[in-house]
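Which chain is which? The protein sequence lines are A, B and C, in order.
Position 50, counted from 1, in the first sequence is what my numbering calls 50; the numbers after and before it change by one each time, with no gaps.
Position 139, counted from 1, in the second sequence is what my numbering calls 408; the numbers after and before it change by one each time, with no gaps.
Position 254, counted from 1, in the third sequence is what my numbering calls 850; the numbers after and before it change by one each time, with no gaps.
Source of the hints: derived by calculation from the structure; they are not laboratory data.
These numbers were taken from a predicted model, which means no experiment stands behind them.
We treat Cβ as the ideally placed atom computed from N, Cα and C, and that holds for glycine.
Treat each hint with caution, since some may be false.
Just a few of them, taken from the derived set where beta-carbon distance is under 7 Å, the chain A residues facing chain C [what the hints assert, rightly or not]: (1) G41; (2) F53; (3) N60; (4) M185.
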Amino acid sequence: MNVLDSLYVYRRFLGVSIRAQMQYKASFFMQLGGRLIITAGEFMAILVLFDRFDSLIGWNVYQVAFIYGIVNISFAVADALTTGFDLFGDMVKSGDFDRILTRPRSTALQLAGQELTLRRISRLTPGLLALTWATMNLELNWTVANVGLLMVSVAGGASLFAGLIVLQATLAFWTTETLEMMNTMTYGGVETTQYPINIYRPWFRNLFTFGIPLATVSYFPALAIMGVPDPLGTPLWFQYVAPLIGIGFLLMSLQVWRIGVRHYLSTGS
Amino acid sequence: MPQIVVEDLVKRFRISERDAGMWGAVRGLVRRRYQTVTALDGVSFSIEPGELVGYVGPNGAGKSTTVKVMSGILVPDSGRCEILGRVPWRSRNEHVGELGVVFGQRTQLWWDLPVIESFDLLRDIYRIPRGEYIANRDEFISILDIGGLLDVPVRQLSLGQRMRCDLAAALLHSPALLFLDEPTIGMDAVSKLAFREFIKRFNEERGTTVILTTHDMDDIEAICDRVMIISDGKILSDGTLDDLRRQVTLERRLVVDLDGDELPVVHPEAVVSSRNGHRVNIRFDPERVSATELISHVTSHNRVRDIFVENLPIEEVIAQIYRDQRG
Amino acid sequence: MISYWAILSARFRSLLQYRSAALAGLITQVVWGLIRVMIFQAFYRSTNAEQPMSGSDVETYIWLGQAFLAALPWNIDTDLRALIRSGWIGYELVRPVDLYWYWLSRALSWRTAPMLMRAVPLLVFAFVLMGMSPPVSVGAGLAFAVSMCAAIVLSSAITTFLNVTMLWTITGDGITQMTFGLVLIFSGMLVPLPLYPDWSQPIINAMPFRGLVDTPYRLYLGHIPLSEFAGVLAHQLVWILTFVVAGRIAMARALRRVVVQGG
């Protein structure tokens with residue numbers, strides 16, 4: 001009942017946000033177009049490189065496109081849904097967060113509902129295109145388990161990115177100067193994990209497996225779906241359960257967020 | 270039983286200091302100095318249900334810190350604060366559901382949307398039952414005269430129009446308490462009057478407790494039964510407007526417009542403080558000579574066109590209280 | 597130019613206030629550079645075929661890109677945007693200076709200050725720890741320096757053009773993002789331009805964006821020989837001139853509109 005009510009309010013928030021954005025249609029479509037060029041350019045870079053180099057230590061372009069698709073779809077969803085957290089630093093500075101605190105709803109719910117930036121979904125387009133294109137060329141075996149795994153890994157990926165963005169926003173309770181570091185983890189994470197992580201040096205791929213576990217929601221489940229044995233030697237069962245780590249990460253981030261709110265209440269900074 | 274009990278609240282903030290100039294900025298990279306500021310230094314008061322309380326003080330005196338503590342968005346270092354039997358910051362969701370807050374400078378309406386959509390969304394946020402929502406909404410629309418604004422995006426409203434809508438938005442859920450933080454700042458005269466009238470009326474009809482922080486003493490004089498004055502984190506004075514005046518001075522003023530140019534004959538216990546053409550200002554102490562006695566004395570000895578007793582303007586009262594505290 | 601130094605110094609001071617932002621920006625770009633270097637190393641490990649650019653040249657190209665990233669025309673002047681949104685832009689017309697040159701010098705300082713803050717520590721890092729190579733020759737180094745200055749002026753001219761478009765679109769976000777997309781793809785920031793397919797080279801080389809990144813970096817690497825220096829510099833200058841003229845015309849038109857409509 002409580003959860004349903006919260007979901008209802010969340011949906012109402014998002015409806016309001018979308019209608020607000022539709023008030024500036026011209027600007028909206030220009031921004032959408034601009035973002036499409038950027039994200040399409042990033043995918044094009046992969047195609048350009050495969051055109052020159054044919055393979056990426058054993059991976060072909062379709063396999064990379066498949067992983068690219070999962071990562072970018074996950075990130076697009078998370079990025080659009082957590083805009084409110086992205087803007088959070090400014091809200092603390094302007095005092096708008098106080099307004100949120102004077103409303104009888106959880107702060108995380110209100111922030112998530114603060115804004116659904118439609119243009120951020122633009123990243124979804126190249127993600128979906130890459131995934132479809134890869135799927136058509138990879139001759140995948142679409143068992144129920146594989147379809148389910150794909151969905152769980154996108155959900156896990158979106159949760160993980162959302163968790164990262166929440167964690168970064170939480171830093172704003174302590175400092176006003178965190179914005180660029182945020183991008184290292186999120187955009188840097190996207191950049192890193194849209195390629196198979198075995199191409200990186202061990203310390204770096206360990207960072208994205210154990211530290212910020214982005215590989216667990218993209219690389220490992222993608223291997224299981226594509227039926228490719230892991231050059232790093234992880235077992236199949238691990239590749240199936242790995243995406244759940246993303247959901248756990250989000251739950252943990254929300255706990256840290258609550259600590260941040262408590263800190264804010266005591267300092268009022 | 271009081272609705273709000275505040276006892277011995279203390280709150281200190283640590284703020285970082287920066288040196289001026291280029292070199293100072295570079296040094297700030299390496300090392301930062303902090304300074305502790307005491308925003309609340311043992312603040313105590315209690316407020317009964319239905320009171321209309323003005324809360325005044327210079328900038329940085331601790332007004333908004335107190336309001337933040339009472340709103341549950343700031344935890345004090347020590348002291349007690351109970352509102353409707355709850356500690357605001359311990360049960361935030363329940364507490365703020367009983368609270369309406371209007372920040373004068375910032376709107377709680379959705380900037381790009383028509384006003385009515387904000388109202389509808391607030392209904393869902395505050396879980397207001399349908400019947401209550403419709404009754405409140407329609408009542409406020411008619412009293413505040415905002416029926417014509419409902420379909421206008423908030424960003425296109427004038428400040429006065431927006432504040433009226435903001436006030437309605439803060440009250441849709443029938444809160445038991447209303448906090449108004451500098452509500453009339455920048456408002457035009459007509460809106461101010463309408464605003465004050467609405468607050469008075471709403472308080473009378475619903476018995477909602479209102480706490481108003483403001484720099485505009487006309488707000489206080491028009492609305493409040495009781496005034497609390499805070500300075501440097503301490504409550505300097507707490508009482509009715511008349512109490513305040515008495516605290517500063519017992520003296521009152523009689524203004525007399527004479528009919529001719531002759532020198533006025535004044536009661537021995539009163540003093541002519543100034544004279545401007547036909548108008549004469551007389552100061553007197555009501556303990557030594559009552560206003561009625563003085564008036565009858567003046568009117569019987571002079572040809573008087575008009576006569577009235579004047580209170581010391583509240584601005585002067587408060588300015589005097591600050592001065593007394595410093596001196 | 598007096599205003600340029602004043603604005604540059606003010607920008608520096610405001611940037612220096614944000615101590616951790618400076619450090620965070622640096623770390624971000626180091627990490628970003630590392631990721632890109634590792635990706636390219638993996639591609640180069642996958643092939644034995646001769647490439648238009650050596651692996652180590654690509655690494656140097658990437659580090660230069662990180663060092664001078666802030667010089668790219670990636671955003672608009674938020675102060676100017678606030679001015680335009682509030683309608684105070686009318687007062688700008690009262691200033692006794694040519695508004696276009698004033699905006700261009702603003703853009704120059706807006707690009708130069710953050711770039712200088714980052715470039716030095718990042719280059720030191722790349723030289724000491726990442727084995728980045730110095731310019732192939734003194735001549736190449738000088739050519740790089742000249743061409744890099746032209747790149748910053750080009751970037752500022754593009755930025756000013758974007759700022760001018762705000763007089764029409766108010767937010768300026770859409771056109772800025774579109775432009776930045778083109779900059780990323782066609783300057784060499786995403787993939788060094790020589791690695792693009794051979795058939796696309798003439799088109800890419802004709803576009804203005806290589807003058808922001810590819811031209812100075814390849815002069816540094818000696819990948820563009822000094823004999824071609826005059827030609828590539830001329831390419832940069834022609835595009836600077838084009839954006840300045842386009843910006844002036846667009847500004848004159850927009851201001852006429854502002855005056856007619858009364859802001």
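field: Hinted contact A/F53 with chain C - closest CB pair below 7 Å
entry: holds, 4 Å
- prompt: Holds or violated: is the Cβ of A/N60 closer than 7 Å to a Cβ in chain C?
  reply: This hint is violated: A/N60 lies away from chain C, its Cβ roughly 11 Å from the closest one there, beyond 7 Å.
message: Does the closest beta carbon of chain C sit nearer than 7 Å to the beta carbon of A/G41?
response: At about 4 Å, which falls below the 7 Å cut-off, the nearest Cβ of chain C leaves the hint on A/G41 intact, so it holds.
- prompt: Given A/M185 was flagged as interface, is its beta-carbon under 7 Å from a beta-carbon of chain C?
  reply: violated, 9 Å
When the structure is compared with the earlier hints, violations turn up for hints 3 and 4 and for no others.
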